[in-house]
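Visitor: So you can see what is in the structure, the chains are spelled out below.
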Amino acid sequence: MAEIRNYTMNFGPQHPSAHGVLRLVMEMDGEVIQRVDPHIGLLHRGTEKLAESKPFNHSIGYMDRLDYVSMMCNEHAYVMAIEKLLGVEVPIRAQYIRVMFDEITRILNHLMWLGAHGLDIGAMTVFLYCFREREDLMDCYEAVSGTRMHATYYRPGGVYRDLPTAMPKYETSKWHNEKEVARLNAHREGSLLDFIEAFTDRFPGCVDDYETLLTENRIWKQRTVGIGVVSPERAEALGFTGPMLRGSGVEWDLRRKQPYEVYDELDFQIPVGVNGDCYDRYLVRVEEMRQANAIVRQCIRWLRDNPGPVMADDHKVTPPSREEMKDDMEALIHHFKLFTEGYSVPEGEVYAAVEAPKGEFGAYLVSDGANKPYRLKLRAPGFAHLAALDEMSRGHMLSDMVAIIGTQDIVFGEIDR
Amino acid sequence: MTDPNDSLRALLAEKLRDAATAVTVDRLGQIQVDLARERMIAGFEIIRQDSQLAYGQFIDLSGVDYADYQDGASAHPRFGVVYQLLSLRHNRRLRVRVFATGEELPTVASVAGIWPVANWFEREAFDLFGIIFEGHPDLRRILTDYGFIGHPMRKDFPLNGRVEVLYDEAQQRVRYQPVTIENRVTVPRVVRHDHRYEHAGEED
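Here the protein sequences line up with chains A and B, keeping their order. Residues in the first sequence are numbered from 1 upward in steps of one, following our numbering. Residues in the second sequence are numbered from 1001 upward in steps of one, following our numbering.
Just so you know, not all the hints are guaranteed correct.
[To be verified] Derived pair list, reagent style DSS-like, types lysine-lysine, alpha-carbon separation capped at 25 Å:
{"#": "1", "chain 1": "A", "residue 1": "K54", "chain 2": "A", "residue 2": "K337"}
{"#": "2", "chain 1": "A", "residue 1": "K54", "chain 2": "B", "residue 2": "K1155"}
{"#": "3", "chain 1": "A", "residue 1": "K49", "chain 2": "B", "residue 2": "K1155"}
{"#": "4", "chain 1": "A", "residue 1": "K179", "chain 2": "A", "residue 2": "K169"}
The hints are simulated quantities; they were obtained by calculation from the structure and are not laboratory data.
Modelling step: build the complete structure from the supplied sequences, incorporating the hints.
Guide: Below, the structure written as structure tokens:
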């Protein structure tokens, strides 16, 4: 009789459910995974090295490209690190805007995760629904920053500009007739805040739709319940953060435990899982979308009533307004110096972290007093999560590997940096 | 009112009196422990196990190359490793720094036995800085290309890299060659010592 042995199998790096460029070398016993060795770095762009060669502000755009489905949260950590070293106070209105966009980003990220995770394990429809809602949120990004994804909207000292009072509208074309355009523009007549508010009105209903499709779905439960179980103790030892940690039943959320910006003034709940399997992490993330929606609504209410500056009034760090710059010599000099040389950051080192949708995203910044960072280390939540892939998938079937990759919410931009 | 950082600093200094060379609180209120290279494992064991410290979560590990720090003015050894730890129980953060010993092969001890997650972070620091982690179970490169030579985050590694990759039409395959582009510095590095920056951020 032929001898039965383990064999090695290669997965990726260009597999549709590898979420980018993950290459796995798996040791299999039949269809059961014995050992997994993830090979990463295929998307390594040297962000940290690039940041060392540029003035502080020039690297904000790189942060968007790290975790490219939760763009503004990455900027937030980096900008917060610079602000801490500089000692710049951010105006309260800018803090609310940041919190609002952090939560919009959280919804964006979780929609992408839900769609992709569903697609990976056989639920195609959810993907289409999720992308419908993502489109509206991308429009919010576009309205404030001019780009749909890589916003570069947060700046040290605040946000680049105040919320626009009008939304861009669709126009009739040979693809869209007047009736259709009227429907598309229905919520775009007012300001950005009106548009977001209309979104938050209908979004809980959309989440109900996704839940109808998945939560009690027999196939969905068969693919996720009891898969990739992590105990709370192991989750802590494996460096899990965010929904991965909460899914295992540890109540830990930086927004609550170490509040930054105005999170301590907002009312929201932190969902926590029980069993630490893929299904619980799904429930946690779905509930997080609802909570994020509630936070956005609170921010809208506050922002409507409280106009004010959105950028600190310290022109060594923040640019003067265009108007000022055009007729004040000193403002012109500030503008010129800021956009060429940048600003020098006092010597020191700082670690700033935010609760990004995937977990704790942190920036460790060392400055030696120059206009460029001396060292910037980005702490990506996905890096620690992927490191645990081996442990989470041992003893599971090959097809469960896809569910585990999905539940980890892997994005290679941040892991490879 | 006593500053909570002072009591934590006193606690750390007492618990780590054998292993730490310094326990400091910086101007931003962040606590940093400098551990001696030889006794770092004992120090980390205490930081992890002691119930009053209980830094159960290993957040980050970062190599730092101090070669150009303030244009080479620093008196440290060249390579340091900075650990960011978090205690979920006490809701506190801690920064620990260890300087690597050895000129040619900078070496520190591996903490992968204490926090399993450190495994990959140490591989990353080895890959990017060439810092050796003694006792690491599987010290391989992680982020750079297969067959990569050098340690890209070192300050003496050029920003452009050393090789470029291209498709060779004649040989019908991908090949490597030395870089043909020149390094361009668009914004020079400056350190301003004038009065403008002394109070940056404190005004307004």
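Visitor: Determine for every hint whether it applies to the structure shown.
Guide: Hint check results:
In summary, the hint linking K54 (chain A) to K337 (chain A) is supported, as the alpha carbons are separated by about 14 Å, within the 25 Å threshold. Taking the CA atoms of K54 (chain A) and K1155 (chain B), the gap is about 14 Å. The hint holds against a cut of 25 Å. Between the alpha carbons of K49 (chain A) and K1155 (chain B) the distance comes to roughly 9 Å, so the proposed pair stays at or under 25 Å and holds. Restraint check for K179 (chain A) and K169 (chain A): satisfied, since their Cα atoms lie roughly 14 Å apart, inside the 25 Å limit.
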